[in-house]
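Trainee: Sequence:
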Amino acid sequence: MLIILVGLLQIYGKSIRKEQIWCEKQQIMKSQNNSKGFTITIPGSGTVDLLPSIGTVSFTIEILDKDASEALDQANNLVMNAVQQIKNELGYSNYEIETGMFELEIQYKDNEQQLQGYKVRNQLYVITRDLQMIGKIITIGVNAGLNIIDGITYQNKAEEIDQANDEALNQAIEDAKRKAKQVADSLKMKVLRIKKFKYLDSYGSSITNGYQPETRVDENVRKNEETPIFASKSHVRVDIQLKVELEY
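Its first residue numbered 1, the sequence shown is counted upward by one per residue in our numbering.
Any given hint could turn out to be false.
[Said to hold, decoys possible] Pairwise CB distance ranges (calculated):
1) Glu159 / Thr39: 35 to 45 Å
2) Asp201 / Glu96: 31 to 41 Å
3) Leu115 / Leu200: 16 to 26 Å
4) Leu64 / Glu89: 19 to 29 Å
5) Ile97 / Pro43: 23 to 33 Å
6) Asn76 / Glu159: 36 to 46 Å
7) Asp49 / Val183: 25 to 35 Å
8) Ser232 / Lys36: 43 to 53 Å
Since the hints were derived computationally from the structure, they do not count as laboratory data.
Note that CB positions come from ideal geometry on N, CA and C, so glycine has one too.
Generate the whole structure from the sequences, applying the supplied hints.
Mentor: Right under this line is the structure:
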């Protein structure tokens, strides 16, 4: 009797399980038949150009002398005189002066151990937010004896870069929304909602030199003729993705 009862329970349980599976299939089919749309993933990008607001002119001072103390004194005097001449010519506003790398090394003749002297290398940076002054700064520096120009670098303030990032992000979102609408219109559908936002990347172009390094100075510079300088643009780009639900 017990064996018969157990067998009946197993048969009844299998019947219930089959009924559940059948009901689930019906619900899935019903859901599929009632589907009114689907989701798509749309990319978007935004780019903002940036004109630099800060320029830095880099000069290098090199002095070679058989006496180390004399080389140091000459380099120091040259820097001090150049700084004073820059201040006299430009006044005391719209720029900053900083010193950089300082080196003192022993110089030997080529392939010989015979002492040639001591070389002092020092760097001087003139930083300005008035980019119209760049050419004049070069001319003044060269006339003061700073005849090695390492180059000019351009950059932007942190708040300018943040603002450009925000603007590029807004552009990227609008770009993705425009593309989503275009897809929906082509399929005779409409955009129901944005289900997901993904921030892919943000990057900017490298800062480019508007003036290449030189070790010799043109005579026009020495004649107080300002060197024409043209700052290069940089840009900020943001890439995103939107997951958009479309419906008929």
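Trainee: Hints the structure violates: just list their numbers, smallest first.
Mentor: Hint check: 3 and 5 fail, others pass.
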